[in-house]
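Make the full structure from the sequences, and use the hints.
Every number in the working numbering is 3 more than the matching position in the sequence shown, counting from 1.
Worth flagging that the hints you see were computed from the coordinates, not collected in a lab. Glycine included, every Cβ here is placed at the ideal spot set by N, Cα and C. Among the hints, erroneous ones may be present.
Cβ pair distances, simulated, as ranges [unchecked claim]:
no.	residue 1	residue 2	range
1	Asp204	Leu227	18 to 26 Å
2	Arg214	Arg78	21 to 29 Å
3	Ala181	Asp204	33 to 41 Å
4	Ser121	Arg214	38 to 46 Å
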Amino acid sequence: MSTETVSAPDRDLLRPLRYLWRVPLLLLHIVLGILLCSLILSWNRHAVMKNGQEPFAHRTIRWWSTVLLRIFGLRSVRVGQPLADPVLFVANHTSWVDIELLHSQRAACFVAKAEIASWPLVGWLAASGGTIFHRRGSNHSLATVMQVMVDRLRGQRSVAVFPEGGTGHNGVLRVFHARIFQAALDAEVAVQPVALRFARDGRRVVDAGFREGENFMQNFLRLLGEAPLDAEVHFLEPVPAMPEARRRMAELSRERIAAALEDRSA
4 MSTETVSAPD RDLLRPLRYL WRVPLLLLHI VLGILLCSLI LSWNRHAVMK NGQEPFAHRT
64 IRWWSTVLLR IFGLRSVRVG QPLADPVLFV ANHTSWVDIE LLHSQRAACF VAKAEIASWP
124 LVGWLAASGG TIFHRRGSNH SLATVMQVMV DRLRGQRSVA VFPEGGTGHN GVLRVFHARI
184 FQAALDAEVA VQPVALRFAR DGRRVVDAGF REGENFMQNF LRLLGEAPLD AEVHFLEPVP
244 AMPEARRRMA ELSRERIAAA LEDRSA
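Encoded structure:
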């Protein structure tokens with residue numbers, strides 16, 4: 004089994020042509036997103052899944068996110084099945100794309116750093132979709148976020164978190180923080196690990212995430228011109244509840260995600 008990771012060639016002669024048609028499509032899609040948020044999500048954002056059926060607002064979020072990814076040349080691919088709401092999804096984190104990628108498969112309330120709220124477009128859309136913003140390094144903020152998570156889960160809404168506490172670089176999967184798993188225990192819902200993986204010809208591409216020192220706008224513009232990639236969402240086996248061992252829940256989630264991220268091509 005190969006574990007080599009690959010990235011797009013440094014000299015990509017088609018990059019200018021991709022900008023030529025992707026930028027107009029992106030602008031049109033942004034306008035559409037504003038209309039959808041104004042007309043649909045504004046009055047139906049708190050809808051919940053019933054009898055395993057997604058509400059119209061959730062399907063709208065999934066459709067919009069899927070199309071956004073396609074404009075960036077990312078084909079969303081689901082592997083496995085997500086559990087029915089409510090569930091705590093825990094995923095690896097590489098860039099802002101991760102939120103849209105998971106949203107392309109299941110609408111959920113994300114826990115994200117407070118800085119995202121000020122990002123162009125993404126911040127507004129995230130807030131409209133029910134994102135819970137956390138100010139890093141603030142225990143008071145974390146306590147508030149944990150309570151909101153429990154309330155959302157008890158209200159039959161799924162919540163998605165990135166337990167690494169930040170984005171990793173060069174394909175490195177960081178340590179998962181265990182405290183965040185307490186919300187699932189308090190709300191008595193399942194925890195399902197989710198591996199977010201970018202690939203070309205079946206081989207993992209780590210360069211789709213943030214490069215070290217790269218900011219949101221730099222990553223946004225770089226990805227907008229990238230060659231097509233598969234954006235895989237692997238819904239993995241749920242982690243059993245361990246009220247006295249949150250650390251083990253975190254480690255087991257990380258182990259399953261790490262295994263799913265490995266290359267499977269020879």
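Tested hints:
1. Evaluation of the 18 to 26 Å hint for Asp204 and Leu227 yields a pass: the beta carbon distance comes to about 22 Å.
2. Checked against the given bound of 21 to 29 Å, the beta carbons of Arg214 and Arg78, roughly 22 Å apart, stay inside it.
3. At roughly 36 Å, the beta-carbon separation of Ala181 and Asp204 lies within the given 33 to 41 Å, and the hint holds.
4. Restraint check, Ser121 to Arg214: a C-beta distance of roughly 21 Å breaks the suggested window 38 to 46 Å.
Consistency note: the structure conflicts with earlier hint 4 alone.
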